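J.: Numbering (the UniProt record's numbering), first residue to last: 1 to 831.
Simulated from the structure, these hints should not be mistaken for lab results.
Each hint should be verified, as a subset may be incorrect.
[As the list claims (entries may be wrong)] Per label pair, the in silico range of CB-to-CB distance: (1) 56 with 552: 44 to 50 Å; (2) 434 with 726: 27 to 33 Å; (3) 53 with 245: 20 to 26 Å; (4) 244 with 552: 31 to 37 Å; (5) 700 with 236: 43 to 49 Å; (6) 236 with 580: 28 to 34 Å; (7) 341 with 696: 57 to 63 Å; (8) 586 with 241: 40 to 46 Å; (9) 397 with 236: 47 to 53 Å.
[Stated by the list, open to error] Straight-line alpha carbon distances no greater than 20 Å define the calculated EDC-like cross-link-like pairs of lysine to aspartate or glutamate that follow: (10) 575 with 603; (11) 265 with 217; (12) 548 with 577; (13) 647 with 727; (14) 718 with 242; (15) 2 with 95; (16) 265 with 229; (17) 647 with 672; (18) 265 with 243; (19) 647 with 603; (20) 647 with 587; (21) 635 with 684; (22) 2 with 78; (23) 635 with 786; (24) 647 with 618.
Just so it is clear, the structure is predicted and the values come from calculations on it, not from any experiment.
Glycine residues also receive a C-beta, built at the ideal position from the N, C-alpha and C atoms.
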Amino acid sequence: MKPRLRLRTLTRGDGLLGSRAVTGFGPRGAQLTVAQVHYTYPAAGAAPGDEPFAVPAPRSVLQPRPWPVPPGRDLAAEATAADQLWASALRPLPDFAPQWRAPEAAAGLDDLWTLREEGHWPDFWADEVPRLQALGWQVLVMPGFAHFSVPVQRWHLGLQPLAEAGLEPAVVAALPTDGGVAGLLPLQGPRGVGQGVGQEGGWRMALGVEVEGEVLDLAPMLAALLRRDRRWLQADELAAMDDAMTVTLRAPGGRRIEAPVGPLKRIVTALLDLLLTLPAEDSAEKAAQRLSAWEAAQVQALQESLADTMGARAGAQTWQLQGDAGLATLVARLRDAGAPPAVPAPAGLATPMRPYQQHGLAWLQYLRAQGLAGILADDMGLGKTLQVLAHVLAEKEAGRLTAPALVVLPTSLLANWQAEAARHAPGLRVALLHGPGREAVLAPPADQGDVTPAPAFDLVLTTYALVWRDIDTLAARDWHLLVLDEAQQAKNAGSRAARALRQLRARHRLCVTGTPLENHLGELWAHFDLLMPGFLGDTRSFTRLWRKPIEVNGETARAELLARRLRPFILRRRKEDVAPELPPLTEVLRRVPLEGAQRTLYETVRIAVDEQVRRVLERQGLARGQIEVLDALLKLRQVCNHPRLLKTPGAAGVPSAKLALLMQMLPALIAEGRQVLVFSQFTEMLALVAEALAALPAAERLPWLQLTGDTPAAQRGKVVSAFQAGEAPLLLLSLKAGGVGLNLTAADTVIHLDPWWNPAVQAQATARAHRIGQHRPVFAYQLVAEGSIEERLLALQARKAALAEGVLGQDAAFAPKFGEDDLRGLLAPLR
1 MKPRLRLRTL TRGDGLLGSR AVTGFGPRGA QLTVAQVHYT YPAAGAAPGD EPFAVPAPRS
61 VLQPRPWPVP PGRDLAAEAT AADQLWASAL RPLPDFAPQW RAPEAAAGLD DLWTLREEGH
121 WPDFWADEVP RLQALGWQVL VMPGFAHFSV PVQRWHLGLQ PLAEAGLEPA VVAALPTDGG
181 VAGLLPLQGP RGVGQGVGQE GGWRMALGVE VEGEVLDLAP MLAALLRRDR RWLQADELAA
241 MDDAMTVTLR APGGRRIEAP VGPLKRIVTA LLDLLLTLPA EDSAEKAAQR LSAWEAAQVQ
301 ALQESLADTM GARAGAQTWQ LQGDAGLATL VARLRDAGAP PAVPAPAGLA TPMRPYQQHG
361 LAWLQYLRAQ GLAGILADDM GLGKTLQVLA HVLAEKEAGR LTAPALVVLP TSLLANWQAE
421 AARHAPGLRV ALLHGPGREA VLAPPADQGD VTPAPAFDLV LTTYALVWRD IDTLAARDWH
481 LLVLDEAQQA KNAGSRAARA LRQLRARHRL CVTGTPLENH LGELWAHFDL LMPGFLGDTR
541 SFTRLWRKPI EVNGETARAE LLARRLRPFI LRRRKEDVAP ELPPLTEVLR RVPLEGAQRT
601 LYETVRIAVD EQVRRVLERQ GLARGQIEVL DALLKLRQVC NHPRLLKTPG AAGVPSAKLA
661 LLMQMLPALI AEGRQVLVFS QFTEMLALVA EALAALPAAE RLPWLQLTGD TPAAQRGKVV
721 SAFQAGEAPL LLLSLKAGGV GLNLTAADTV IHLDPWWNPA VQAQATARAH RIGQHRPVFA
781 YQLVAEGSIE ERLLALQARK AALAEGVLGQ DAAFAPKFGE DDLRGLLAPL R
């Protein structure tokens with residue numbers, strides 16, 4: 001005799017409506033798990049494999065046994081099995097307890113057993129089923145049984161180069177059985193280092209979990225777990241989970257897999273973006289994931305983390321990795337490379353480098369050696385230009401600069417780069433692509449037969465405004481290095497300049513910016529789309545996988561993953577960390593009350609634009625009505641600065657409280673011997689400041705200089721030199737023309753006339769004075785109209801700073817949002 005236990009979960013699909021609460025059993029709702037218990041005997045004359053003769057187990061200890069006893073029955077064995085059955089906590093379910101949609105739904109479902117509570121079944125499966133099986137019971141699990149779970153025996157990771165995988169969906173045909181970790185993933189594709197990482201090579205990857213000797217695809221089970229349990233998307237909640245806990249994964253066919261949390265946490269942390277982009281269930285590739293070379297780096301980090309985890313749990317599940325044996329040499333090469341080795345400053349560099357700048361040079365050289373691109377994102381004023389010049393000079397002295405380096409930059413920085421190159425690297429031959437006749441600079445040299453001509457220049461400078469105009473000339477030749485200085489100028493991926501930059505052929509690419517992220521994560525995507533196309537996917541998938549979850553939903557686990565993914569390609573140092581010798585920067589917020597006619601005008605304009613914005617939001621929504629919304633906000637900001645900026649008859653004679661305060665501050669500051677920078681986003685506001693300065697009595701007149709977008713490029717360098725030489729104590733600058741790239745260390749005072757919600761722009765402008773070479777304390781004043789839209793913009797500035805810190809820094813605990821509620825706050829009445 002062999003006792004048999006048949007387990008099944010009944011649902012509405014089986015015709016079950018629910019289960020009544022009866023003595024000893026609670027109500028079950030629309031799910032009822034039951035057992036059918038039989039004592040089985042082989043039928044007389046039955047062949048092997050035939051269905052045995054089955055006798056239902058007695059449902060009461062008082063139930064009389066059938067008499068006479070059929071031949072061959074083993075009543076003693078049946079009595080022992082009955083004792084085992086009752087000891088397992090299974091109890092007969094009264095026939096009237098289940099409620100059926102129709103009587104025929106209960107056909108064949110008599111003599112049912114169950115537990116007192118539906119929630120007891122997982123423990124029954126984990127504890128009692130193995131005990132009954134050890135006692136000789138046969139346990140059958142019917143499809144749909146809700147509490148079937150098996151433990152993980154082993155974890156698997158299979159890899160195969162795409163070049164060898166072809167189009168076959170299978171990734172690994174056989175997995176190793178030695179229980180160890182088989183190797184490390186390289187950071188690049190199988191075609192070798194320096195071939196344009198991510199553009200060639202790559203792998204197929206399969207994640208597997210072994211249960212009962214069968215390897216199942218783990219990825220879709222994990223993706224389903226992420227969808228139903230949002231804790232796995234929050235870094236703090238994920239970290240709080242105990243590694244020793246188990247979680248239930250749902251396998252195809254209704255099976256449940258009890259998996260330890262520890263390895264799953266490491267898999268989710270490393271591969272979250274891949275798990276959330278699984279192919280459709282009916283896809284031929286649903287068991288495999290394609291990995292670019294950059295994504296393979298994530299798998300390397302995962303493998304190392306899992307190796308540590310498994311090593312700390314002797315006797316627990318093992319982790320197995322099978323990769324391509326042909327990658328062993330490349331793996332060893334990359335592992336030997338390790339951290340960027342120290343690089344001496346080039347012999348021709350005329351300026352001593354600080355230790356952090358030498359580290360930056362080593363990092364740039366490492367990127368070049370490994371065929372990688374990156375972003376040099378040091379704080380403003382830490383000498384990024386010097387590091388780039390040293391990098392180009394090192395390439396020249398090593399004989400690798402067989403084609404020029406091309407630097408694309410804002411027009412206002414042309415003179416600065418020329419001066420910096422002459423000062424720091426006088427051995428570099430610099431060409432300027434600007435003005436009429438610039439095509440002749442890059443004219444091909446005369447034919448020299450089979451001899452490859454040496455480049456006529458080492459460094460070529462051009463501007464974002466000209467690169468798309470000269471694209472035919474620039475794209476016709478090869479460049480050793482493409483440098484995008486102040487790369488945020490090309491953050492609009494659809495601009496003519498950005499489209500032109502994608503056409504340039506360069507062995508190596510580098511972005512240089514102190515603000516790689518100013519407003520939203522899409523700007524980071526734009527940088528990397530220029531540097532490493534495909535690294536972050538296309539813009540639509542990036543928005544779906546990263547921007548919306550991080551910026552709107554505040555998913556901290558995904559923010560941390562994005563930060564880790566970008567970290568190898570971004571070098572970012574802060575002033576306080578690497579240049580503690582810099583004099584202090586004191587930031588002062590000056591609130592300016594709006595009074596009288598200016599206050600009345602502000603309220604009048606506010607009421608009008610509030611109504612305008614409400615109509616736009618109703619008709620178009622915030623996303624489609626951005627232009628109208630920004631125009632409305634602009635009007636309020638103009639009133640805060642100076643009513644005359646509105647250019648309406650009613651505003652012409654209204655005075656400006658902010659201009660009045662500025663004209664009080666400037667004489668006092670300059671009398672103290674200070675040199676002052678005054679920044680505004682509105683060139684018209686600077687014109688009004690200049691008008692007020694010119695109207696001062698001759699005895700009180702203050703000499704000043706001015707630099708805006710209207711200043712000719714040839715004159716901008718002269719303006720900067722004159723201010724640095726002390727020819728005037730006051731320099732008026734527009735944020736766009738003077739807020740980036742300039743060295744204005746003669747100034748020790750900065751005044752911002754108008755805030756905006758991007759704090760990085762103001763920080764960049766302040767850094768024109770607070771940078772390497774500054775020896776005096778710097779004071780930065782921000783003039784804000786009290787109670788107005790400007791004051792409310794300060795809260796949005798903090799939010800933008802949190803977004804940048806969360807991805808570029810170490811703090812991912814943020815959830816920045818900007819929506820219609822923020823807009824209503826900006827348009828609130830004066831306080």
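J.: Give a verdict on every hint.
T.: Hints and how they fare:
no. : hint                     : verdict
1   : 56 with 552: 44 to 50 Å  : violated (58 Å)
2   : 434 with 726: 27 to 33 Å : holds (28 Å)
3   : 53 with 245: 20 to 26 Å  : violated (45 Å)
4   : 244 with 552: 31 to 37 Å : holds (34 Å)
5   : 700 with 236: 43 to 49 Å : violated (59 Å)
6   : 236 with 580: 28 to 34 Å : holds (32 Å)
7   : 341 with 696: 57 to 63 Å : holds (59 Å)
8   : 586 with 241: 40 to 46 Å : holds (45 Å)
9   : 397 with 236: 47 to 53 Å : holds (49 Å)
10  : 575 with 603             : violated (42 Å)
11  : 265 with 217             : holds (17 Å)
12  : 548 with 577             : violated (32 Å)
13  : 647 with 727             : violated (34 Å)
14  : 718 with 242             : violated (64 Å)
15  : 2 with 95                : violated (26 Å)
16  : 265 with 229             : holds (13 Å)
17  : 647 with 672             : violated (36 Å)
18  : 265 with 243             : holds (8 Å)
19  : 647 with 603             : holds (17 Å)
20  : 647 with 587             : violated (32 Å)
21  : 635 with 684             : holds (14 Å)
22  : 2 with 78                : holds (9 Å)
23  : 635 with 786             : holds (16 Å)
24  : 647 with 618             : violated (29 Å)
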